[in-house]
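Using the sequences and the hints given, assemble the complete structure.
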Amino acid sequence: MRYRGSVLFWQLLILVVLLASWEWLTGIKAISRTPGLYWIDPFFISRPSLIARRFAYLLSDRVRLNLWQMTLSTVQSTLWGFVVGVSTGFVAGLVLGRNDRLARIFEPYIVAFNSLPRIALVPLITMIFGFGLVAKIVLAWTIVFFIVFFNTFQGARSVDADLIHSARFLGASERQVMRTVIIPSALAWTFASLTPSISFALIGVVVGEFLGGESGGGLGYLIIQSLGTLNAADMMVALLTLGLIGIVMALGIKQVETRLLRWRPEYRKSA
Amino acid sequence: MPAVSGVSFEIGDEEFVAIVGPSGCGKSTILNMIGGLVAPTAGAIEIDGRPVSGVPANVGYVFQKDTVFPWRSVRRNIALGLEYRGIRGAAQARRVAAAVSMAGLEGFEDAFPATLSGGMRQRVALVRTLVVEPEILLMDEPFGALDLHTKLDLHAELLRLWGERRQTVVFITHDLSEAITLADRIVVMTRRPGRIKMVYDVKLPRPRDVIRLRETDEYLRAYGEIWHVLGEEFAREKAR
Chain W
1 MRYRGSVLFW
11 QLLILVVLLA
21 SWEWLTGIKA
31 ISRTPGLYWI
41 DPFFISRPSL
51 IARRFAYLLS
61 DRVRLNLWQM
71 TLSTVQSTLW
81 GFVVGVSTGF
91 VAGLVLGRND
101 RLARIFEPYI
111 VAFNSLPRIA
121 LVPLITMIFG
131 FGLVAKIVLA
141 WTIVFFIVFF
151 NTFQGARSVD
161 ADLIHSARFL
171 GASERQVMRT
181 VIIPSALAWT
191 FASLTPSISF
201 ALIGVVVGEF
211 LGGESGGGLG
221 YLIIQSLGTL
231 NAADMMVALL
241 TLGLIGIVMA
251 LGIKQVETRL
261 LRWRPEYRKS
271 A
Chain X
1 MPAVSGVSFE
11 IGDEEFVAIV
21 GPSGCGKSTI
31 LNMIGGLVAP
41 TAGAIEIDGR
51 PVSGVPANVG
61 YVFQKDTVFP
71 WRSVRRNIAL
81 GLEYRGIRGA
91 AQARRVAAAV
101 SMAGLEGFED
111 AFPATLSGGM
121 RQRVALVRTL
131 VVEPEILLMD
141 EPFGALDLHT
151 KLDLHAELLR
161 LWGERRQTVV
171 FITHDLSEAI
181 TLADRIVVMT
191 RRPGRIKMVY
201 DVKLPRPRDV
211 IRLRETDEYL
221 RAYGEIWHVL
231 GEEFAREKAR
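Residue numbers (this note's numbering), protein chains in the order written: chain W, 1 to 271; chain X, 1 to 240.
Calculated directly from the structure, the hints in this document are not laboratory data. Just so it is clear, the structure is predicted and the values come from calculations on it, not from any experiment. Check each hint, because a few of them may be wrong.
[Stated by the list, open to error] Below, a sample of chain X positions facing chain W; criterion: calculated Cβ distance under 8 Å:
| id | residue |
| --- | --- |
| 1 | V38 |
| 2 | A42 |
| 3 | F63 |
| 4 | L80 |
| 5 | G81 |
| 6 | Y84 |
| 7 | R85 |
| 8 | F108 |
| 9 | F112 |
| 10 | A114 |
| 11 | L116 |
| 12 | G119 |
| 13 | V132 |
| 14 | W227 |
Glycine is no exception: its CB is placed at the ideal position from the N, C-alpha and C atoms.
Put into structure tokens, the structure is as follows:
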């Protein structure tokens, strides 16, 4: 308990020092009181006080698309991309992981597609799906799918053969082997890919929003708009919000993981 | 080189047969052939006069390696075979509870395997196999990784359980004491390619006391005689 308390203390201390020096350093003028000549120019990195003001303003109803709506749009597309990517990646990983022939046949296609930089797909995806929710989800999906696919594939391949044999001796059919041995075994591997998956889903969505314009909404749109108006404070608001979203989602996954993998000793200790 | 060659023997109903021999003599191969995991390149395995192809029904297999499913609690591990057979609900619960008490695992029903000792996990694996009442039990050095005390415990346990149901057992081991303690008949194998070197009938009466029987003359005689034969194999292995 004391240990946790001191960790929290240091974490808060770092935050306070960071914010205070940010505020202070961006307030010092370099030569005289001439505007614009700062040691560290708030034009580029803004200031905490300014960011807080913009935060409140963007949350209010005085803007056409407020921060709540943008956050909601980003979170929504991220979750959809995540869910669709994880489920399709999991199924594909299981199927190819347990079928050498199929795995052989699809291997070059999978490697080729996976080595494409996903950002290069954004214009094409936009062309096909337009500006909006679907395009963002598709982009997130193209990334998440492969992360989950490769992990599950590996997991499905490395299922202990003796576990499968014991299930057979206990009378399991092929489907029962799949359900009671291969899927639970592979799940442990799949879970390892969920935390990176959610971050990458978020990346996909934000990149999609860069191009998506207002109809796509979202925090990526706020960032691009702030670039247009050279507004560092708004950009910081978007970045901070994205950071918060990332933390909350990672915590959510951790919860699910701890619950579902509670049979593993390493989860029992932390639980 | 084949793992085994010219091996031929019959195992009677309700008989407990142990197979011993130097490592790499094909003991496990024989067991895997009986279990239908490996097909013989020549010859045949028959159970009740029918050749084995694929995993036969009525055969239980206890592996040396820990094959308790780590993501299932003790209770759900034991329930596996029943679940596969579509036995659910109260009928399943009753049989699982009986198996739990049979193995002395009361109080650990909801524990996950990672929290159990190696001996207890192997106990779970054993009753998990027995709960579906196989007629033939194949055991591949099931207690090989356990310490002597735990091993003796499980020997007593196995003999008691076997005494109740009298499955036909084929038990692979490299531990001669274990073979004599448990088996009616001991098949001694030669080094690779494994052949049958000797078949020894253990004349120890049942029920057996796994600790006291080691002080009997028959135990010492069996040990001496089989050891002598095994010793020849070890010597030959070395000379190669």
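Subject >> Hints breached by this structure >> reply: Per hint list: 1, 2, 8, 11, 12 and 14 violated.
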